[in-house]
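Order-wise, the sequence lines are chains V and X.
The working numbering applies: residue 1 is where the first sequence begins, and numbers increase by one.
The working numbering applies: residue 1 is where the second sequence begins, and numbers increase by one.
A few of these clues could be false.
[Claimed, not checked] Far from chain V by the CB rule (all over 10 Å, computed), these chain X residues:
hint, residue
1, A23
2, A60
3, T89
4, E100
5, R152
6, Q242
7, Q243
8, D250
9, W300
10, V304
[To be verified] Simulated DEER-style distance windows between Cβ atoms:
hint, chain 1, residue 1, chain 2, residue 2, range
11, X, P83, V, I259, 41 to 51 Å
12, V, N106, X, P43, 54 to 64 Å
13, X, P83, V, G227, 15 to 25 Å
Hints in this document: simulated from the structure, not taken from any laboratory.
Glycine included, every Cβ here is placed at the ideal spot set by N, Cα and C.
Protein chains: 2
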Amino acid sequence: MSSRVLVLGGGGFIGSHVVTAAAKCGYSVRVFDRQASALGELPPSVEVVVGDWYDHSALAAALVGCDTVIHLISCSVPADAFPLSQEVTSNVLPTLGLLEAVAEANVRNVVFASSGGTVYGNGSVGPLTEEAALSPQCPYGVGKVLVEQCLRFFAAKTGTAVTVLRPSNPYGPGQSPLGRQGAIPIFMRKIAVGEEIALFGNPSRDFLYVEDLAEAFVLAIRGHHEGFRILNVGSGRTTELQQVVRLIEDTIGRRARVIRKGHREYDVDTNSLAIDRIGRSLAWSPRVSLAEGIARTWSWVQTVI
Amino acid sequence: MSSRVLVLGGGGFIGSHVVTAAAKCGYSVRVFDRQASALGELPPSVEVVVGDWYDHSALAAALVGCDTVIHLISCSVPADAFPLSQEVTSNVLPTLGLLEAVAEANVRNVVFASSGGTVYGNGSVGPLTEEAALSPQCPYGVGKVLVEQCLRFFAAKTGTAVTVLRPSNPYGPGQSPLGRQGAIPIFMRKIAVGEEIALFGNPSRDFLYVEDLAEAFVLAIRGHHEGFRILNVGSGRTTELQQVVRLIEDTIGRRARVIRKGHREYDVDTNSLAIDRIGRSLAWSPRVSLAEGIARTWSWVQTVI
Chain V
1 MSSRVLVLGG GGFIGSHVVT AAAKCGYSVR VFDRQASALG ELPPSVEVVV
51 GDWYDHSALA AALVGCDTVI HLISCSVPAD AFPLSQEVTS NVLPTLGLLE
101 AVAEANVRNV VFASSGGTVY GNGSVGPLTE EAALSPQCPY GVGKVLVEQC
151 LRFFAAKTGT AVTVLRPSNP YGPGQSPLGR QGAIPIFMRK IAVGEEIALF
201 GNPSRDFLYV EDLAEAFVLA IRGHHEGFRI LNVGSGRTTE LQQVVRLIED
251 TIGRRARVIR KGHREYDVDT NSLAIDRIGR SLAWSPRVSL AEGIARTWSW
301 VQTVI
Chain X
1 MSSRVLVLGG GGFIGSHVVT AAAKCGYSVR VFDRQASALG ELPPSVEVVV
51 GDWYDHSALA AALVGCDTVI HLISCSVPAD AFPLSQEVTS NVLPTLGLLE
101 AVAEANVRNV VFASSGGTVY GNGSVGPLTE EAALSPQCPY GVGKVLVEQC
151 LRFFAAKTGT AVTVLRPSNP YGPGQSPLGR QGAIPIFMRK IAVGEEIALF
201 GNPSRDFLYV EDLAEAFVLA IRGHHEGFRI LNVGSGRTTE LQQVVRLIED
251 TIGRRARVIR KGHREYDVDT NSLAIDRIGR SLAWSPRVSL AEGIARTWSW
301 VQTVI
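Let's have the full structure, built from the sequences with the hints guiding it.
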């Protein structure tokens, strides 16, 4: 029997790509998500459990028979400015509840989606290794750091293998052009319909095509013997947002109307992740260039705007 | 008018020494503690507020007119083995509530008691600087690390000056010989009454006399301009527990009955803190030798056993 993987948040943007890639690799995949409506695009072999991750018994039932859990749920985004206590209540505590259920169910491998785009903050000059100082600028990023600390302790205490992936800025098909994060599809829709684009400063970002990211999660399903590991997942390069706008203009064949604004408090100026460690640990490397990824994303965005 | 300081947990072992030292330095001191019964030993000039730190309005009222808050409350000890979620609920979340009240009351300086004895874990070889890797072995230590991360973010967002002190192993008068932590008074009582002492392995500890520690807290009341700083507070030396037993035997004039046991999971083998940074930042250095501190502690322990 193949190994069974539970994907929490498997109906989301990153989740649906992870689920598709894992199913393609022969894993038995079970999705746990709160919205059945978001799950239309998943492969038919995938088992779906609709539930709330605050519900311990629902989580416990979903974990039965699973070797690996991939945790992709987040109840906040980097732009959220609520108090830290809300981040702890809505993301950290439910994750600790999940870990208690994981220990009870004797699941041996946990893969967590942290955030290479927010945990490092502005303190360091890139490319950032996993050892760089952590200084998140938003509650979302603080929550990721807190969960990482809890996972380190959990791995040491229980012997569970834990992989923390720190993705840079993922983009691709399935990322809403009307959402609160994801510059590329948001810019595409605005350029396509003639709306203004606001550029806050001219930050550089490490844009990562979502199928490359999904492959990293699937490679982490195999587990490891180190107990706990943190791996950056990035494209290996950074691109200024105005260069991204130009690439989209070329793809769409329309000019953007750009409004320049000041730096936003929760944005980091530049973000570039060192990806040597994930290359060694998972034999992973990014495959899809930004131009190619933008073309594929535009093919999808066209179908939803 | 002198600067007013609110000491949360000012009735506790460390707190009562901090309160006494701060009052002696001319600060107006207000204590916030849940137990009026524990407050007998405080100087008469000290204002006392009895309340629960889960009660936001009680905290907010206590913060009125204060320039500095010293946060010494902990609802757990290193030996506690409950789930991490309980540590987060009982220590991290109430601290975040405190920080919200601090921001509302416009208190400009926060001093937090972290734990140099537990946050570093076993990963590093001492003396440990404040930059050493964090790897706590108990929920109590994980909670301290989580609060430190939250304080770093809070300082950056609000401009509040935050000093995190990481004390090694404090001991001295006022530390219960019947408590769940504090080897020195516990050993004293056991030796005095002829009970067996269990030594779990032979760990080395950095024992810090509580009045030296209290002086560090008082020096931090003056605040600083760096936003956020972390300072180890230690004696600058480590001592094997069996050497501590010998020093106590010499002080008391009785032989100990020692039972050797295996290493405990939540104990670190050795703990030695580098104290260069606090020497530079606060012009602080330890004054009381271990032999002298043990003599003073015994003078007090004799009065309560």
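Hints, verified against the model:
1. Look at X:A23: its CB is around 32 Å from the nearest CB on chain V, clear of 10 Å, so calling it non-interface holds up.
2. Residue placement check: X:A60 keeps its beta carbon more than 10 Å from all beta carbons of chain V (closest about 15 Å).
3. Against chain V, the non-interface label of X:T89 is violated: not every CB pair exceeds 10 Å, the least being about 7 Å.
4. Its beta-carbon lying about 6 Å from the closest one in chain V, X:E100 breaks the requirement of being farther than 10 Å from that chain.
5. A cut-off of 10 Å between C-beta atoms contradicts the statement that X:R152 is not in contact with chain V; the least separation is 7 Å.
6. Consistency note on X:Q242: stated as away from chain V, and its beta-carbon is indeed over 10 Å from all of that chain's, at 28 Å minimum.
7. Taking the minimum C-beta to C-beta distance to chain V, about 29 Å, the non-interface status of X:Q243 holds against the 10 Å cut.
8. For X:D250, the shortest C-beta to C-beta distance to chain V comes to about 39 Å, beyond the 10 Å cut-off, and the non-interface label holds.
9. Distance check for X:W300 against chain V: the nearest CB is about 36 Å away, which clears 10 Å, and the non-interface claim stands.
10. Chain V leaves X:V304 outside its interface by the beta-carbon criterion, the shortest separation being 36 Å against a cut-off of 10 Å.
11. Range check, X:P83 to V:I259: about 49 Å between beta-carbon atoms, so the 41 to 51 Å window is met.
12. The hinted window of 54 to 64 Å between V:N106 and X:P43 holds, with their beta carbons roughly 56 Å apart.
13. Between X:P83 and V:G227 the beta carbon distance is about 19 Å. The supplied range of 15 to 25 Å therefore holds.
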